[in-house]
Amino acid sequence: AQSVTQLGSHVSVSEGALVLLRCNYSSSVPPYLFWYVQYPNQGLQLLLKYTTGATLVKGINGFEAEFKKSETSFHLTKPSAHMSDAAEYFCAVSLANAGGTSYGKLTFGQGTILTVHP
Amino acid sequence: DAGITQSPRHKVTETGTPVTLRCHQTENHRYMYWYRQDPGHGLRLIHYSYGVKDTDKGEVSDGYSVSRSKTEDFLLTLESATSSQTSVYFCAIKSAGHYEQYFGPGTRLTVT
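Here the protein sequences line up with chains F and W, keeping their order. Residue -11 is where the first sequence starts when you use my numbering, and the numbers rise one by one after that. Residue 2 is where the second sequence starts when you use my numbering, and the numbers rise one by one after that.
There may be inaccurate statements among the hints.
No farther apart than 16 angstroms at their CA atoms in a straight line, the calculated lysine to aspartate or glutamate pairs in the EDC-like style are these [to be verified]: (1) F:93 with W:55; (2) F:46 with W:101; (3) F:37 with F:54; (4) F:93 with W:101; (5) W:54 with W:74; (6) F:37 with W:101; (7) W:54 with W:73; (8) F:37 with F:52; (9) F:93 with W:57; (10) W:71 with W:28; (11) W:71 with W:55; (12) F:93 with W:60.
Treat the hints as calculated values from the structure; they're not laboratory data.
Assemble the whole structure, with the sequences as input and the hints as a guide.
Okay, here's the thing in structure tokens:
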């Protein structure tokens, strides 16, 4: 079974500052990892994903994340925060297919609300 | 836009009444999922489908049932709604051979 922990339910940054949202996972097999963003009263939008290959992945809106197997982490970063980045962010994991039985089911972290101050 | 709609978008119902939520997709995706979102819990999987008439339980399936009689529709039913089922419900889809899921706009359900 897999699990996801997002450190910090609320993160506050100033506009222009570095954004760092932390995600750690546990999984018995190599995982697929995702970050989603949710704006108020909307559904979830995919920011980026890691499946295989390059461990530093770039996503939309200037976000990127690095898969570190030794640390079981997949932290999300953005060099310079913008007011429009204020939202809730979710880290999620699914298991790599093992005989096609995972069905892509996602396990989510509890979410981190990002506030950006002028 | 993954062509996913959910209906209704908002519903208020009384304890003990049956409720059915509908997820409709237009792009023939194989996999469909129902999640519920509650503060402090993120999203949790209720049920999922890997084909027409092929469904299975997720993490929080008690009190819920699903049906998928055709590719484009995935129905979530609360046989007898309880206040603990007040939540926001999201449908998601995934294509075979792809890794990511795409989410619908959500249904906000209040059980009084």
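16 angstroms limit on alpha-carbon distance, applied to hinted pair residue 93 of chain F and residue 101 of chain W: Roughly 10 angstroms between the alpha carbons, so the hint for residue 93 of chain F and residue 101 of chain W holds.
Pair hint residue 93 of chain F and residue 57 of chain W, alpha-carbon separation not exceeding 16 angstroms: Status holds; Cα separation ~11 angstroms.
Residue 37 of chain F paired with residue 101 of chain W [C-alpha distance capped at 16 angstroms]: holds (8 angstroms)
Given pair status - residue 54 of chain F, residue 37 of chain F, alpha carbons within 16 angstroms: Satisfied, since the Cα-Cα distance of roughly 10 angstroms is no more than 16 angstroms.
Restraint status (C-alpha distance of residue 54 of chain W to residue 74 of chain W at most 16 angstroms): Since the Cα atoms of residue 54 of chain W and residue 74 of chain W sit roughly 11 angstroms apart, the hinted pair holds (cutoff 16 angstroms).
Satisfaction of hint between residue 60 of chain W and residue 93 of chain F, Cα-Cα up to 16 angstroms: The given pair, whose Cα atoms are some 10 angstroms apart, holds under the 16 angstroms limit.
Satisfaction of hint between residue 55 of chain W and residue 71 of chain W, Cα-Cα up to 16 angstroms: holds (11 angstroms)
Proposed proximity, residue 52 of chain F with residue 37 of chain F (alpha carbon, max 16 angstroms): Roughly 9 angstroms between the alpha carbons, so the hint for residue 37 of chain F and residue 52 of chain F holds.
Restraint status (C-alpha distance of residue 93 of chain F to residue 55 of chain W at most 16 angstroms): The given pair, whose Cα atoms are some 15 angstroms apart, holds under the 16 angstroms limit.
Restraint status (C-alpha distance of residue 46 of chain F to residue 101 of chain W at most 16 angstroms): Holds: residue 46 of chain F and residue 101 of chain W sit about 15 angstroms apart, inside 16 angstroms.
Hinted pair residue 54 of chain W and residue 73 of chain W, Cα distance within 16 angstroms: holds (12 angstroms)
Restraint status (C-alpha distance of residue 71 of chain W to residue 28 of chain W at most 16 angstroms): holds (13 angstroms)
Comparing the model with each earlier hint shows no violations; every hint is respected.
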